Amino acid sequence: MLGQLSHEAAIQASATVVWQLYGGLELARLVENRLPNLIKKIEVVEGDGGEGTVLNIIFQPSLGGAPGYKEKFTKIDNENRIKETEVVEGGFLDIGFTLYRVRLKIVENGDDSCIVESTIEYDIKEEDAANASLVSIQPLIDIAQAANDHLLHNKQHKNV
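So the sequence shown is numbered by the numbering used here: it starts at 401 and just counts up by one.
Among the hints, a few may not be true.
What follows is a list of derived Cβ distance ranges for each label pair [stated by the list, open to error]:
#1 Gln545 - Thr416: 16 to 26 Å
#2 Pro461 - Asp512: 22 to 32 Å
#3 Val507 - Thr474: 13 to 23 Å
#4 Thr416 - Asn531: 34 to 44 Å
Once the Cα atoms are required to be at most 20 Å apart in a straight line, the calculated DMTMM-like pairs of lysine to aspartate or glutamate come out as [said to hold, decoys possible]:
#5 Lys525 - Glu479
#6 Lys505 - Glu408
#7 Lys472 - Glu426
#8 Lys555 - Glu426
#9 Lys472 - Glu451
#10 Lys555 - Glu508
Hints are computed from structural coordinates only; laboratory data are not their basis. Owing to the predicted nature of the structure, the values given are computational and were not obtained by experimental measurement. From the three backbone atoms N, C-alpha and C, an ideal C-beta is built for every residue, glycine too.
Please model the entire structure based on the sequences and the hints provided.
Right, here's the structure in full:
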């Protein structure tokens, strides 16, 4: 059973600046520091932030779900500002999903703003179809908000 969830978030920074944050490992550092209620720790298992990089994402135990998962950067397209990651171990794969992919696309929207298009694509075995209800776009919305807050804060300090 295939499924997809999407969300668009406005960010008050240029697409170039936002891609610098989203395109590599900076986003993982931001998430770890800005969303402590969600993420306990993010470890780089292998790679330098380019395609093939693997992260071990460990959730807060208080969330009560899976302890975490490993994700791999499967596509980084700097020209079109698209990054795709896939869960390669644990998490959704342990409950019947055969694919769990996140696509992040940064779309220019003027000189000082852009849109982050976040998409989750998944495939789940028919017998585990009820688990599809566990897929939520909310963490990606929270990440976009944290990114916007971070970039606005840094912009204000640079203008002082």
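Requested in this report: Could you tell me which of the numbered hints above are not met by this structure, giving the numbers in increasing order?
Outcome: Violated hints (numbers, rising): 2 and 5; every other hint is consistent with the structure.
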